[in-house]
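Trainee: Dock chain B against chain A, hints included.
Each protein sequence line maps, in turn, to chains A and B.
Just remember that our numbering sits 10 ahead of the position in the first sequence, which is counted from 1.
Just remember that our numbering sits 10 ahead of the position in the second sequence, which is counted from 1.
I should point out that these hints are in silico values taken from the structure, not numbers from a laboratory.
We put the beta carbon where it would ideally sit given N, CA and C, even for glycine.
Certain hints may be false.
[Said to hold, decoys possible] Computed beta-carbon distance windows for the label pairs:
id, chain 1, residue 1, chain 2, residue 2, range
1, B, Asp328, A, Thr123, 37 to 43 Å
2, B, Ala288, A, Pro262, 35 to 41 Å
3, A, Pro262, B, Asp254, 54 to 60 Å
4, B, Glu255, A, Gly379, 34 to 40 Å
5, A, Gly379, B, Glu270, 52 to 58 Å
6, A, Thr123, B, Ala374, 57 to 63 Å
7, B, Arg251, A, Pro114, 52 to 58 Å
8, A, Arg360, B, Asp254, 50 to 56 Å
9, B, Gly415, A, Arg360, 34 to 40 Å
10, B, Asp254, A, Ala374, 27 to 33 Å
Number of protein chains: 2
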Amino acid sequence: MSLQAVLSQIDQDLPQATDRLLELLRIPSISTDPAYKEACDTAADWLVADLRSLGLKADKRPTPGHPMVVAHTKDDDATDKPHVLFYGHYDVQPVDPLDLWDTPPFEPELQDTPKGKVIRGRGASDDKGQLMTFVEACRAWKAVNGTLPVRISFFFEGEEESGSPSLVPFMRENARELKADIALICDTGLFDENTPAIITMLRGLLGEELTITGPDRDLHSGMYGGLAVNPATVLANVIDRLHDEDGHITVPGFYDDVPELPQDIRAQWEALNFDVKAFLGDVGLSVPAGEKGRTPLEMIWSRPTCEVNGIWGGYTGDGFKTVLPSQAHAKISFRLVGRQDPQKIRESFRDYVRDMLPADCKVAFQGHGASPAAQMSTDNPAFEKARQALSEEWPNPAAYIGCGGSIPIAGYFKNILDMDAMLIGFGKEDDNIHSPNEKYDLRSFHKGIRSWARILAALE
Amino acid sequence: MSLQAVLSQIDQDLPQATDRLLELLRIPSISTDPAYKEACDTAADWLVADLRSLGLKADKRPTPGHPMVVAHTKDDDATDKPHVLFYGHYDVQPVDPLDLWDTPPFEPELQDTPKGKVIRGRGASDDKGQLMTFVEACRAWKAVNGTLPVRISFFFEGEEESGSPSLVPFMRENARELKADIALICDTGLFDENTPAIITMLRGLLGEELTITGPDRDLHSGMYGGLAVNPATVLANVIDRLHDEDGHITVPGFYDDVPELPQDIRAQWEALNFDVKAFLGDVGLSVPAGEKGRTPLEMIWSRPTCEVNGIWGGYTGDGFKTVLPSQAHAKISFRLVGRQDPQKIRESFRDYVRDMLPADCKVAFQGHGASPAAQMSTDNPAFEKARQALSEEWPNPAAYIGCGGSIPIAGYFKNILDMDAMLIGFGKEDDNIHSPNEKYDLRSFHKGIRSWARILAALE
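Just chain A, same shape as in the assembly (with noise of 0.2 Å):
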């Protein structure tokens, strides 16, 4: 089987799949607004029909919600070849507001841009053009091929921009005919347009909400000021203790469990030339504010986290009260990495605070998210195998990195089917995904096609 033949005749189909992911596209899939549930039917339908134009058994599969999407090559395909599990959205982002979109969101088209051609519409990156690159791929595998180079199932959502709720039952109850070798999930973006990347590494996250009492009712400053405790001064002292000096986080072993960098992880990380001038200058700052003595693609992907994520108290509407509050609340998340355990440091966290407090101060603790950080076992030799091949097609070599935030279909390939899962995408920063104009990079597209043909060739 030739490599070279699949790429080309992606080369020439390229139009065809345009036109294909256009047709997609214009299908309303909104997964959170009942008046767009039709529309989300007709794109699972839309997808079982493209599948099984591959010659795939495929299946629309009814959930509470928006029915699921599963495909599979036939049992007397590819028996002896590793078996891959393919995942995507199908669902759509609302498009509000409509009027700052340059063109309806849901009439795509193919436009020319300063910076190149684009697929401009809703879901052009966030999902439908990301699963379509892995579609178009098969679709060129067989067309020269006669037959695909591995086992391969597609499970498609339609629930992914509204919270995945019939997600975790659907793989519990379907297990079995869900478990593959290894997950792919085309749901990210690369690192820069000339860098591709396989996300090993996720965050955990642990959230909690304090909330400091001090006296039972608020009070008066002018009567009480100066003698009463005010919790709201307590809170802002927990707070600034969470941290020390150097940015390391206080909290009695809370880097017990994490992990230095392998070597070869940081060689690669290093080789990115991580621009962090601009990816501050892009939110209006200029200086990493973390922990001293890592670098900022360590502070976003392999370090843990403290942060407060909302805080409040007292009189805050407008004008001036001059109460002393009776109480002081926040809302306070870890990113966790390694193997940091999220209900061994919920607790270290909770009897720290109980600890700081002065007389008079009580807190009460509610837990929010619980869940530990992400690691795939980049020993299996799938990851290597899809490394070279992304490094072949894209100008840069591929990363092995990191993700600061959570990505829950991650976790549960991992947790429910034990199956690790490779995370590659060829989404970029400005493709505006949640926000007016979504795009999709042609470039994008195309090379993404072309990435997982290589990708299925080397894990033939």
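Mentor: Quick look at chain B alone, frame taken from chain A:
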């Protein structure tokens, strides 16, 4: 002239004096509610008539809001005597929530309670009952002696409970008429049920609102957390650093104009045996949390403070949002004492905060109120005379005390009329002023009248 005869007259006339107060209390002179505009007018008329019945020149004086009542002893009365200006207010607080009143607020009555007889009704303590203590003392004096012992002007306003919008313009326009040797204000309380007090120091107030801005929009804490500066954490650091470990305020120069308490005042305060456990216990606290090395009364009366009145930033709704806020805000107020200059402290505070900020953070300030502390010139002999007179009436000696909050009228007399004020009142903590079931102890009313009779005698 015999003080004893006047006191006997007061004792004998108490039932009639109480009836007169009940009559005034029946007039629903709620100043904030336009529906009661006529009632305010009626209350002013009632006072004019009552003062005229004492042989005074009394008039209702229009303002853009509710009228003032101004009265004077006749020109040929006591021209060689000291001249005092007595201030009170005839307007009352609204009565909501009405269903929490055990008896209708404007159907006042004398009630027996386990702690003694009380006059129950809106305004009984704040301020109709208090202002009538002085009027009744004058009535008794006049009944016994045919004349008053000093020259007296009366100045009653009807907007005290709605911010006194007409007060300052009226005082400015009528400064010559209102100027006296000293002002007497009856709108405060006893130190405790057996200990009268004259407030001689009132803390000033400086309000500041600050907004710390980091990134130019709210950020995703997964994407930027650990690298980007968090203004909520910075704000916590700023607030934390405003006090040192001993509870001292760290703003440069803050204590420059803060005097130590004179030895005689310190001795008076020590003799008060202030029950700090009870004071804090009332609001669910037990331990003085203020400046180390200071007594509780110093903390609330004679020491400056820095309090957080409100704090907010980021996501404060239900649930959790892993946002890294662009801004964090606080409302901070300083209680000022001695000769602390509000403007100087405002500038010093702003410079201090600016100097504290890390890279990429900026701060914007909004100034709120700024008023200096008021310190009465207790070397004016009237103070010591009044203190002795009060000490003769009550079980415990009277004390010069402080007031942690501000009482604007005292400052106006000082600043507009260049006149010290003696703040003497007979209210109690449990009078429920501004709340349902307001009352004034009959003992406060009775001994209040006797107190003023003694003070008038002393000032003669």
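Trainee: State for each hint whether it applies.
Mentor: Hints, verified against the model:
1. B:Asp328 / A:Thr123: 37 to 43 Å: holds (41 Å)
2. B:Ala288 / A:Pro262: 35 to 41 Å: Roughly 39 Å apart at Cβ, these two residues keep to the hinted range, so it holds.
3. A:Pro262 / B:Asp254: 54 to 60 Å: violated (25 Å)
4. B:Glu255 / A:Gly379: 34 to 40 Å: Given range 34 to 40 Å: holds, Cβ gap about 36 Å.
5. A:Gly379 / B:Glu270: 52 to 58 Å: holds (54 Å)
6. A:Thr123 / B:Ala374: 57 to 63 Å: Taking Cβ atoms as reference, Thr123 (chain A) and Ala374 (chain B) lie about 38 Å apart, which means the hint is violated.
7. B:Arg251 / A:Pro114: 52 to 58 Å: holds (54 Å)
8. A:Arg360 / B:Asp254: 50 to 56 Å: At 27 Å between Cβs, range violated.
9. B:Gly415 / A:Arg360: 34 to 40 Å: Since the Cβ atoms of Gly415 (chain B) and Arg360 (chain A) sit about 37 Å apart, the hinted range of 34 to 40 Å holds.
10. B:Asp254 / A:Ala374: 27 to 33 Å: holds (28 Å)
Of the numbered hints stated above, those contradicted by the structure are hints 3, 6, 8, listed in ascending order.
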